[in-house]
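Asks: Residue-level listing of the chains:
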Amino acid sequence: AQSVTQLGSHVSVSEGALVLLRCNYSSSVPPYLFWYVQYPNQGLQLLLKYTTGATLVKGINGFEAEFKKSETSFHLTKPSAHMSDAAEYFCAVSERGGGADGLTFGKGTHLIIQP
Amino acid sequence: DGGITQSPKYLFRKEGQNVTLSCEQNLNHDAMYWYRQDPGQGLRLIYYSQIVNDFQKGDIAEGYSVSREKKESFPLTVTSAQKNPTAFYLCASSISGQGQFLNTEAFFGQGTRLTVV
Numbered sequence: 001a002q003s004v005t006q007l008g009s010h011v012s013v014s015e016g017a018l019v020l021l022r023c024n025y026s027s028s029v030p031p032y033l034f035w036y037v038q039y040p041n042q043g044l045q046l047l048l049k050y051t052t053g054a055t056l057v058k059g060i061n062g063f064e065a066e067f068k069k070s071e072t073s074f075h076l077t078k079p080s081a082h083m084s085d086a087a088e089y090f091c092a093v094s095e096r097g098g099g100a101d102g103l104t105f106g107k108g109t110h111l112i113i114q115p
Numbered sequence: 116d117g118g119i120t121q122s123p124k125y126l127f128r129k130e131g132q133n134v135t136l137s138c139e140q141n142l143n144h145d146a147m148y149w150y151r152q153d154p155g156q157g158l159r160l161i162y163y164s165q166i167v168n169d170f171q172k173g174d175i176a177e178g179y180s181v182s183r184e185k186k187e188s189f190p191l192t193v194t195s196a197q198k199n200p201t202a203f204y205l206c207a208s209s210i211s212g213q214g215q216f217l218n219t220e221a222f223f224g225q226g227t228r229l230t231v232v
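Residue numbers (this note's numbering), protein chains in the order written: chain A, 1 to 115; chain B, 116 to 232.
Honestly, the hints are just simulated from the structure, not real lab data. Among these hints, one or two may not hold up.
[As the list claims (entries may be wrong)] One-sided excerpt, in silico: chain A residues whose CB lies under 10 Å from chain B: (1) GLN2; (2) GLN6; (3) LEU7; (4) GLN38; (5) LEU46; (6) LYS58; (7) ASN61; (8) GLY62; (9) PHE63; (10) PHE90; (11) ALA92; (12) LYS107; (13) GLN114.
[What the hints assert, rightly or not] Below, computed lysine-lysine pairings styled on BS3-like, alpha-carbon distance capped at 30 Å: (14) LYS186/B with LYS172/B; (15) LYS198/B with LYS124/B; (16) LYS129/B with LYS107/A; (17) LYS172/B with LYS107/A; (18) LYS185/B with LYS124/B; (19) LYS129/B with LYS68/A.
[Stated by the list, open to error] From the derived model, a few chain B residues whose C-beta atoms are all more than 12 Å from chain A: (20) GLN132; (21) THR135; (22) GLN156; (23) ARG159; (24) ASN168; (25) SER180; (26) SER208; (27) GLU220; (28) ARG228.
Here the structure is a predicted model, which is why all the values come from computation and not from measurement. Yeah, the Cβ is synthetic: ideal placement off N, Cα and C, and Gly gets one too.
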């Protein structure tokens with residue numbers, strides 16, 4: 001069975017500062033890993049995904065994440081926070097080979113941007 | 116444009132009533148999912164369907180029912196047996212729920228907020 005742990009239900013950074021949202025996973029097989037963003041009262045939008053190949057993955061809005069197998073981590077970063085980045089972020093895992101029941105999500109991290 | 120449409124955006128239910136949430140996709144995806152979202156709980160899987168006329172219970176299926184009569188449609192009924200139905204409901208789809216696929220991300224609708232009054 002797979003699971004996802006997101007450290008910190010709330011993360012606050014100043015505008016222009018580095019954003020770091022932490023995600024650790026467990027999976028019995030090589031995983032697919034995803035980060036989604038959710039704005040208030042909206043659905044989830046895919047930020048980036050890791051399937052195979054390069055472990056540093058670049059996504060939309062300047063975000064990137066690095067898959068570290070030895071640490072079972074997939075942390076999300078952005079060099080310089082913008083006010084528009086304020087949202088809920090979800091890390092998710094899917095077991096390679098196709099999890100029939102889709103993705104397993106973490107509980108989310110609410111990113112707050114201080115002016 | 117291809118996508119997933121959920122309706123209505125807001126829904127109010129009286130105690131003891133059944134209500135049905137609509138989810139339609141034109142992405143030609145085989146797999147569809149229903150999640151429930153509560154503050155601080157993340158997304159929890161209610162039901163999923165890999166193909167037409169087949170569906171499986173997720174982690175919190177009690178008090179819910181679904182049907183999958185058409186590939187593009189996966190309605191969710193919240194029954195009176197669901198004791199705490201107030202939540203944000205998200206429908207999603209993916210190319211397939213099984214097999215060796217590279218693009219296994221899910222695409223989400225805009226959600227339906229259900230409130231019991």
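Asks: If a hint holds in the structure, say so; if it doesn't, say that too.
Replies: Hint check:
1. Interface hint status for GLN2/A: violated, as the beta-carbon distance to the closest one in chain B is roughly 12 Å, over 10 Å.
2. Using the Cβ-Cβ criterion of 10 Å, the hint placing GLN6/A at the interface with chain B is satisfied: the shortest such distance is roughly 8 Å.
3. Contact between LEU7/A and chain B, as hinted, is not supported at the beta carbon level, the nearest pair being about 14 Å apart and thus beyond 10 Å.
4. For GLN38/A, the interface hint holds, since its Cβ comes within 10 Å of a Cβ in chain B; the closest pair sits about 9 Å apart.
5. Given hint, LEU46/A at the interface with chain B, holds; its Cβ is 5 Å from that chain's nearest Cβ, closer than 10 Å.
6. Checking LYS58/A against chain B: minimum C-beta separation of about 15 Å lies over 10 Å; hint violated.
7. Interface hint status for ASN61/A: violated, as the beta-carbon distance to the closest one in chain B is roughly 16 Å, over 10 Å.
8. Nearest Cβ of chain B to the Cβ of GLY62/A: about 19 Å, over the 10 Å cut. The hint is violated.
9. Proximity of PHE63/A to chain B is violated relative to the hint, the smallest CB-CB distance being about 15 Å (cut-off 10 Å).
10. Checking PHE90/A against chain B: minimum C-beta separation of about 7 Å stays under 10 Å; hint holds.
11. The criterion of a C-beta within 10 Å of any C-beta in chain B is met by ALA92/A, whose closest approach is roughly 8 Å, and the hint holds.
12. Against a cut-off of 10 Å between C-beta atoms, the interface hint on LYS107/A holds, since the closest Cβ of chain B lies about 4 Å away.
13. Interface hint at GLN114/A: violated, since its Cβ lies 22 Å from the closest Cβ of chain B, which is beyond the 10 Å cut-off.
14. Only pairs whose Cα atoms come within 30 Å are accepted, and LYS186/B paired with LYS172/B is accepted, the gap being roughly 18 Å.
15. For the given pair, LYS198/B sits about 21 Å from LYS124/B by alpha-carbon distance, which is consistent with the 30 Å threshold.
16. At most 30 Å may separate the alpha-carbon atoms for a hinted pair to count; LYS129/B and LYS107/A meet this at roughly 29 Å.
17. About 20 Å separates the Cα atoms of LYS172/B and LYS107/A, which keeps this hinted pair within 30 Å; it holds.
18. Between the alpha carbons of LYS185/B and LYS124/B the distance comes to roughly 22 Å, so the proposed pair stays at or under 30 Å and holds.
19. Of the supplied pair hints, the one linking LYS129/B and LYS68/A is violated, its CA atoms being roughly 49 Å apart against a limit of 30 Å.
20. At roughly 23 Å from the closest C-beta of chain A, the C-beta of GLN132/B stays outside 12 Å, upholding its exclusion from the interface.
21. With 12 Å as the threshold on Cβ separation, the claim that THR135/B sits away from chain A holds: the shortest Cβ distance comes to roughly 19 Å.
22. Here GLN156/B does not stay apart from chain A, with its beta-carbon only about 6 Å from theirs, under the 12 Å limit.
23. Non-interface call for ARG159/B relative to chain A: violated, since the shortest CB-CB distance, roughly 8 Å, does not exceed 12 Å.
24. ASN168/B, annotated as away from the interface, keeps every beta carbon of chain A farther than 12 Å; the closest lies near 16 Å.
25. For SER180/B, the shortest C-beta to C-beta distance to chain A comes to about 17 Å, beyond the 12 Å cut-off, and the non-interface label holds.
26. Non-interface call for SER208/B relative to chain A: violated, since the shortest CB-CB distance, roughly 9 Å, does not exceed 12 Å.
27. The non-interface label for GLU220/B is inconsistent with chain A: the shortest C-beta to C-beta separation is roughly 5 Å, within 12 Å.
28. Residue placement check: ARG228/B does not keep its beta carbon more than 12 Å from all beta carbons of chain A (closest about 7 Å).
Going down the numbered hints, you'll see the structure goes against 1, 3, 6, 7, 8, 9, 13, 19, 22, 23, 26, 27 and 28, while the others check out.
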